[in-house]
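Engineer: Protein chains in written order, with this note's numbering: chain S, 7 to 397; chain D, 3 to 214.
Simulated from the structure, these hints should not be mistaken for lab results. You may find that some hints are simply not true.
To be verified - If you want a taste of the chain D side facing chain S, the calculated C-beta under 7 Å gives, among others:
no.	residue
1	I8
2	T14
3	V21
4	F105
5	P116
6	I162
7	A171
8	L190
As the list claims (entries may be wrong) - Between beta-carbon pairs, the in silico distance windows are:
no.	chain 1	residue 1	chain 2	residue 2	range
9	S	R74	D	P50	41 to 47 Å
10	D	L37	S	E226	44 to 50 Å
11	S	D69	D	V11	39 to 45 Å
12	S	T48	D	V45	54 to 60 Å
13	D	R24	S	Q199	33 to 39 Å
14	S	D224	D	L37	57 to 63 Å
15	S	R125	D	A195	52 to 58 Å
Said to hold, decoys possible - Partial selection, computed: residues in chain D whose CB lies under 7 Å from chain S:
no.	residue
16	L16
17	G20
18	T32
19	L103
20	L166
21	Y167
Glycine is no exception: its CB is placed at the ideal position from the N, C-alpha and C atoms.
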Amino acid sequence: MKEKLSRFALSLMLALALYAAFLPTASADDLTESLHVAVDGTGAYLFSISGEISEGDEYISADNILYRIATVQNGNAIAEKIGEEAMPDVSWLEVGEAQPVFASEIAVPAANTKSDDSRKLIAMYVTHSDESYVPSDGTQSVNGQGGIYDVARDFRDALQQQGIDVILDESTHLPHDSGAYRRSRQTAERLLQKGPDAIIDIHRDGIPDQNEYACSIDGENASRVRLLVGRANQNSTVNREFAKQIKAVADKQYPGLVKDIFIGKGTYNQDLAPHAILLEFGTHTISKERVLNSTEMMAKVVSNTLYGPQTGSAISEKSAKGTSDTQKSAAKDDKGVSGGVIFLIVAVVAGVLIFALAQTGGGKAMGEKIGRNISEMTSGLFGRKPKDGNG
Amino acid sequence: MSLGMILLVVLTLLILFGVLQRVLDRMALTDRQALFLVALIFVGGWLPDLRLGMVSLNIGGALVPFGVCVYLFFHAGTGKERIRCLIASVLAAAVIYVVSLFFPADPVTMPFDPMILYGLCGGIIAWLMGRSRRSAFIAGVLGVILADAATGVVNWSRGINQMLYLGGAGALDAVVLSGVTAVMLCELAGEIAERIARGRTNGSTLQGGQRA
Chain S
7 MKEKLSRFAL SLMLALALYA AFLPTASADD LTESLHVAVD GTGAYLFSIS GEISEGDEYI
67 SADNILYRIA TVQNGNAIAE KIGEEAMPDV SWLEVGEAQP VFASEIAVPA ANTKSDDSRK
127 LIAMYVTHSD ESYVPSDGTQ SVNGQGGIYD VARDFRDALQ QQGIDVILDE STHLPHDSGA
187 YRRSRQTAER LLQKGPDAII DIHRDGIPDQ NEYACSIDGE NASRVRLLVG RANQNSTVNR
247 EFAKQIKAVA DKQYPGLVKD IFIGKGTYNQ DLAPHAILLE FGTHTISKER VLNSTEMMAK
307 VVSNTLYGPQ TGSAISEKSA KGTSDTQKSA AKDDKGVSGG VIFLIVAVVA GVLIFALAQT
367 GGGKAMGEKI GRNISEMTSG LFGRKPKDGN G
Chain D
3 MSLGMILLVV LTLLILFGVL QRVLDRMALT DRQALFLVAL IFVGGWLPDL RLGMVSLNIG
63 GALVPFGVCV YLFFHAGTGK ERIRCLIASV LAAAVIYVVS LFFPADPVTM PFDPMILYGL
123 CGGIIAWLMG RSRRSAFIAG VLGVILADAA TGVVNWSRGI NQMLYLGGAG ALDAVVLSGV
183 TAVMLCELAG EIAERIARGR TNGSTLQGGQ RA
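Excised from the complex, chain S in its bound form (with noise of 0.2 Å):
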């Protein structure tokens, strides 16, 4: 009977793989009905986004007021306002001082693991490679790399022409299905031993009004680049605070370049590095001429935040105010590593519990179970000694 069952269970899974195999590639081209919509609690509308809205989801709105997702009914969401989100003090830009924000004084492994502090470098990839814009591609989706490609090349070069060493790694990650992040997570694992000062993954997003993202700055058409930040990864903490440095240097720079900040479920690959982020390049209805406008805008942010102005004034010129600020992000990362090592220590000392307590069933002899091997392990300086003294 049960061989009766696993061949049926086998054969239906075959069954279904194949089927699967020969369905189209999972694509976009379901983003109208993945919009999701979050108003505030008065019923406005705050934003939209392609895909799901959880709750306890945070957003940063372009006037830096801190949103959290309060409640979430039929995939819309209704958001509680928190209050004004502390912006990161970017004063040191007026003045033009070299103020390295990330790149040489926060105690994280991307920035300060360089033995050659005058080198800059970036690291890019695309997970879904297939993103496109309908208006210059002629579809939102294709089958192999997509105009969001050209968006990242181009963004590469104005890197490039701020003085900054750039890696595009152009591998592609299809289908654009769940899998997408795990392979491009490969991608980023190679980028990440190049040592890049932060590696940023290129996206466009899926929400229909193209008025949500084009804009105008400094008279030329543009369009606005959403900064994502997940939440479920232990990077989170100085994820978020290098997507608030972002934004505060463009709204400064730039005002309308940056569109919010969506900190939501999901790692991004963002818990590889403290340094990573997510950038959303307008989204598919939008013509790519526009977003090609905004990449350039987009570069001189970048390497603002992550190494100044460039004006060739030395370091050690910085005002008393840029430092305070740069130690105070300092501080901000330095919790949320020590974050990280908190929640490591309680996910070692679950899992010793757990699996003793099944093991033993508990009581005195799970106690015993643990002493012993403590004491094994520090040669009996901590830990239960056995009695017969064979452990």
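Given the coordinates of chain S, assemble chain D onto it according to the supplied hints.
Structural biologist: Relative to the frame of chain S, chain D by itself:
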């Protein structure tokens, strides 16, 4: 620190604490061998990939776990268990492939990390098919490798010239995490089920309760 790194550190400490001793016994591994393998996975993950045409094989992320699978396969108790291992691996691969396609594509919409889901699939299937820790590890690892290979083949058949990376994220890849998650789930579920069974027998001899 990433979820994968946390899982591997927890695994290492569980081995050091001796909590996984029984699991390792059933997998025909000593504590030292297990720790050596964890170290090999870490170090191998940083070595250059092996390239075979359009396939790129990470040493720590795929080759070492695959080697462990081969070792476990030949240490499987009976011919039947070996067959169960293979069936569980193919089933796990099919489930992982299908889940990848139908699970929401955006992390915002994912109920939880798919990398953990793959391990859960392998662990549940292996446990249902024989309550074997060895099968669980093999199903977890081979399930992801076979599912990735299937994705690569489908891409190539559609004319997409995309490199197939197996275990490309090294120690943090789903291949390793899936194997570890599967065996830990199988051990946990197995211990709880066996404890319940022992409780029901009221101390009488348990027949066929424990498996490898």
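Engineer: Next, verify each hint and record whether it holds.
Structural biologist: Comparing the hints with the structure gives:
no., hint, verdict
1, I8, "6 Å, holds"
2, T14, "9 Å, violated"
3, V21, "4 Å, holds"
4, F105, "4 Å, holds"
5, P116, "5 Å, holds"
6, I162, "6 Å, holds"
7, A171, "4 Å, holds"
8, L190, "6 Å, holds"
9, S:R74 to D:P50: 41 to 47 Å, "45 Å, holds"
10, D:L37 to S:E226: 44 to 50 Å, "59 Å, violated"
11, S:D69 to D:V11: 39 to 45 Å, "42 Å, holds"
12, S:T48 to D:V45: 54 to 60 Å, "57 Å, holds"
13, D:R24 to S:Q199: 33 to 39 Å, "37 Å, holds"
14, S:D224 to D:L37: 57 to 63 Å, "59 Å, holds"
15, S:R125 to D:A195: 52 to 58 Å, "55 Å, holds"
16, L16, "6 Å, holds"
17, G20, "4 Å, holds"
18, T32, "14 Å, violated"
19, L103, "5 Å, holds"
20, L166, "10 Å, violated"
21, Y167, "5 Å, holds"
Of the numbered hints listed earlier, those contradicted by the structure are 2, 10, 18, 20.
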